[in-house]
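Peer 1: Sequence:
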Amino acid sequence: MYRTLLFDVDGVMLSEERYFDATALTVIELWNRSCYLGLSAQPLDSIQDNPTETYIRNARQYVFADDRALFAMKSKGINANWDMVYLLFAFALGRLLDETATVTISKYQPSEDMAAYLCRVGHVLQSREGHRNLPDFQKFVCLAESASDKADLMNKVNEKLRRLVSANEEKIFFQKLWELGCQVFQTWYLGQQSDSPLSHEKRGFLHDEEAIVDIERFRALLIHLQSSGIALGIATGRPDVETRVPLSHLGLLSLFDKKRISTASDVLHTERQYPEFAPLSKPHPFSYLRSLLATEDVEQVLHTSLPLSDHIARQVLIVGDSVADAICAQKIGCDFAAVLTGPSGEAARAEFEALGANYIFKDVLELFSLFAK
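Be aware that the sequence shown starts at 5, since it is given in the numbering used here, and climbs by one per residue.
Careful: at least some of the hints might be erroneous.
Claimed, not checked - Straight line, CA to CA, 25 Å or less: simulated DSS-like cross-link-like pairs of lysine-lysine:
| # | residue 1 | residue 2 |
| --- | --- | --- |
| 1 | K335 | K263 |
| 2 | K143 | K164 |
| 3 | K111 | K160 |
| 4 | K175 | K164 |
| 5 | K335 | K262 |
| 6 | K143 | K160 |
| 7 | K164 | K111 |
| 8 | K180 | K164 |
| 9 | K180 | K160 |
| 10 | K111 | K175 |
| 11 | K175 | K160 |
| 12 | K111 | K180 |
Because the hints were derived from the structure by calculation, they are not lab data.
Just so it is clear, the structure is predicted and the values come from calculations on it, not from any experiment.
Turn these sequences into a full structure, and let the hints steer you where they fit.
Peer 2: Below is the structure:
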């Protein structure tokens, strides 16, 4: 029936909750810490390197607007937390610029460190307008819901930031702001430290990873599929370390073909090599196609015509929990199995039905019903 199964990770094997927590904390840190904007974190307290669980819950609730912002982004095919960090913080910065339209802020220079530039912007706004609070992220929900897709939402958010940059420097400004968000997010999730004066000690949420299905049963499923001659792969919005470390710890990583594991690190590396093809994160099918072709030749992946011919595509099943995964399957021309273990749970069923998912499962373990023989 199928010769290749490609899995998403978050919402399928592992919980996304700590990823969303790290996203909210990253947005607050970029806004509040003195080495970035250095503005007031109200209505929350100032950011701390080791916040209490109560603070984390409050931060998540506020920045994601009771998860309405999360669902709005997911519905537009935005699946990567790095993109979520960018959108939420860029929105907040844009709102701030709207409120301070009369304040003169010098434009960003391409050679300038982004963190230092944000710090300079923050100093100007503090001295002219007072210490500004976090914006109302309910307004981000309205903006996201009005967007037609991921590209449209990115454009709507970026429009507010164009005041800070010359027209011919927009691309590098947006890219550097996105990269800074990635770096700060990594310190929250990995607890990584460096010699950078901007690095702060954090324990790292990587230590709190939780599986969302019974791991022994899931391992048994993968072994059964593998023994049946089915190739197993991964296409995830997680970076490489955040994929391999927890899956290795759970005894799952070795069951996947190492040539069929594609992560956000692979996407970012390819975007830097071939910027004319960016963005390549989901719902672009690049990561799934790279895992399907099991090749390091990214030019082959980038130039593969889609949808694939039926005799190839019909042997492939993508298993995911999001709209972005479903869109990838549609673009490739292969079947899609939706699992209801993502953030929306059972409420996502109607959305997957509307998208024409071939299967809708309570969780990934129900794949046993397709491969019982």
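Peer 1: If a hint holds in the structure, say so; if it does not, say that too.
Peer 2: Here is what the structure says about each hint:
{"no.": "1", "hint": "K335 <-> K263", "result": "holds, 22 Å"}
{"no.": "2", "hint": "K143 <-> K164", "result": "holds, 14 Å"}
{"no.": "3", "hint": "K111 <-> K160", "result": "holds, 20 Å"}
{"no.": "4", "hint": "K175 <-> K164", "result": "holds, 14 Å"}
{"no.": "5", "hint": "K335 <-> K262", "result": "holds, 24 Å"}
{"no.": "6", "hint": "K143 <-> K160", "result": "holds, 13 Å"}
{"no.": "7", "hint": "K164 <-> K111", "result": "holds, 14 Å"}
{"no.": "8", "hint": "K180 <-> K164", "result": "holds, 16 Å"}
{"no.": "9", "hint": "K180 <-> K160", "result": "holds, 18 Å"}
{"no.": "10", "hint": "K111 <-> K175", "result": "holds, 14 Å"}
{"no.": "11", "hint": "K175 <-> K160", "result": "holds, 15 Å"}
{"no.": "12", "hint": "K111 <-> K180", "result": "holds, 14 Å"}
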